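A.B. asks: Listed here are the chains, written in short residue letters.
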Amino acid sequence: MSTAPLLSVQDLKVHFDVSRKGLFGGPTAVVKAVDGVTFDLRPGETLGLVGESGCGKSTLGRAVLRLLPATAGRVVWLGEDLHALDHGEMQQKRRDMQIIFQDPLASLNPRMTVGQIIAEPLTVFNPNLSRQQVKDRVRQMMAKVGLLPNQINRYPHEFSGGQAQRIGIARAMINSPRMIVCDEPVSALDVSIQAQIVNLLMDLQHEMGMSLIFISHNLSVVRHISHRVMVLYLGKVMEIADRDSIYSNPLHPYTQALNSAVPIPDPDLEKQKNRIVLKGDLPSPLNPPSGCPFRTRCPRATEICAQVMPDLLPASSSHYVACHHAGPPD
Amino acid sequence: MTAILDVRNLNTSFSTPEGTVRAVNDVSFSIEAGETLGIVGESGSGKSQIFMSVMGLLAKNGRAEGSVQFKGKEILNLKVDELNKIRGVKMSMIFQDPMTSLNPYLSVKRQMTEVLETHRGMSQDAALTAAVNLLDIVQIPEARRRVHMFPHEFSGGMRQRVMIAMALLCEPELLIADEPTTALDVTVQAQILDLLGKLKRETGMAIALITHDLGVIAGLANRVMVMYAGEVAERANAGPLFKTPQHPYTQGLLRSMPRLDEHRANRLQTIGGQPPNLQHLPDGCRFRDRCSYAFDRCAAEQPLLRTIAEGRAKACHLEAL
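For the protein sequence lines, the chains are A and B, in the order given. For the record, in the first sequence the residue sitting at position 220 is 220 according to my numbering, with numbers rising by one throughout. For the record, in the second sequence the residue sitting at position 204 is 204 according to my numbering, with numbers rising by one throughout.
Hint data in this document are derived by calculation from the structure and do not stem from the laboratory. Values in this document were obtained by computation on a predicted structure and should not be read as measured data. Just so you know, not all the hints are guaranteed correct.
Here are the simulated lysine to aspartate or glutamate pairs, DMTMM-like style, with alpha carbons at most 20 Å apart [claimed, not checked]: (1) Lys-200(B) / Glu-171(B); (2) Lys-279(A) / Asp-194(B); (3) Lys-198(B) / Glu-270(A).
This is chain A alone, in the form it adopts within the complex (with noise of 0.2 Å):
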């Protein structure tokens, strides 16, 4: 794809100044949730991101909405950085980017029906269109993600998780967005409920056509439905590359055990596999390793690791990785 990107993130960084408790208020402390974070989406891209919790890839998604101020770097979003534009002008693109939320009946106004739910992007960017008009569009999207137009004056709460998440989507479609980040819009679903999801997702898009930053912990769900993926750590980018690449070529010892520790259902397969086990857990963000931040799980990690946080350096020109002892597995 040689397209101009639609997104380009640079060195995007989100601290976060964490007040410590004491009766005159001590120094503060700032995590660094995101922390330099550079990459491109492209039109009709689906880009995955993963990591474990507190690897800062909601925050990423926030920030890059501007949900979230960012301390230091810059997105651009069709040639124009989203930070510097004053309110208005940021509500004028927020047509054109959308979010789906994790907890489909938290994100959904219990009192609004679906209807209203669906149709309040359509008339705040739209105060034109007649009531008549707004209703066809809001049943045709409902029609659409797969929802019957007799439910239109029901409540959230009449609705199952699944059929919830059919509601988020539809609301972030109503407009055609260029853009919808979907922050872990399986995770709180049954497996068969699931598959039904990853699949409207994938559909829409190929109808649409728009660009999904896809954030998950999944790394099944995220290989089947990304182009690309991106690997966060502590709030740095550990690797980047096609979707082939990731799973059948990791490069990075945290994306090789990542990978490792996804259960496979085939009792065969699980015996044999050689599972990379990593010790200890995620180290606090607010007081991260020197260097690179994985060093104190990394079975590789040497002296240097612990001195210099290594470049992202491109292995090819899809596949980029940030380790001073970047190859295959052992």
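Given the coordinates of chain A, work out where chain B should sit on it, guided by the hints.
C.D. replies: Okay, now just chain B, sitting in the frame of chain A:
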């Protein structure tokens, strides 16, 4: 082999203002010494309520009928003080969210030694040594220091280890693990699954592993029971179940999961629709609305669980898939 746990015709129902919800319907199974039984199902399939019934932990509006024998002794609906001689001692349970199962006000030491002092009559010193030893077994680093810490000072994965250590205090013969890794990251999930596998090999303890994730079961379970809408859909040894599922629901579950080891072009195969409402169950087979193989008989007659091969049973009218 002798059965550690033998469940016969278990029926569990809840009375609600909207009517009776039959969460578990005529479920029978047994767990042999040293084996791991995987229980798979989606939310509402009754997989957890089976074991809440077994442990006598049903909500107040719940009622369990049938028979549950632990090593030959009937324990279903036993009086609390009688039950307490068995649960937590000979069989213990760990849950999805360790934070809600641990007492936030008490140090780990206090919570662990209390059990040993009450159930096994140990002295304080002996109990502390035993507690530290168990934390070592579940691979908590610096156990001697950390035993004095409170639950909130541990990370999610460590808390689940503490839970497992507590469940092991009385060297139970059966460990019931209800979604023990669902709240954890994959790397930590891998650690906990490794730990359960190690405990299984080294202690010979039987494990009932309840999960919605077929992948989690694949590496550990000897046998698997698939639950749907309160009933057993299929029961088989792990190998054959994954290779040649015989119930359309099992097959659908396996096909609808994207797998990391293979890339499937385009669409996932899905199971259409949603699980039925337990208050308004369809006639005939409970899965028929979502089943692509359904035929006349499925609407007319409810399929009973029947043996189709050695160690294998399914509740489906189809002869073969």
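A.B. asks: Against each hint, give a clear statement of whether it holds in the structure.
C.D. replies: Hint by hint, here is what the structure shows:
no. : hint                    : in the structure
1   : Lys-200(B) / Glu-171(B) : 12 Å, holds
2   : Lys-279(A) / Asp-194(B) : 12 Å, holds
3   : Lys-198(B) / Glu-270(A) : 15 Å, holds
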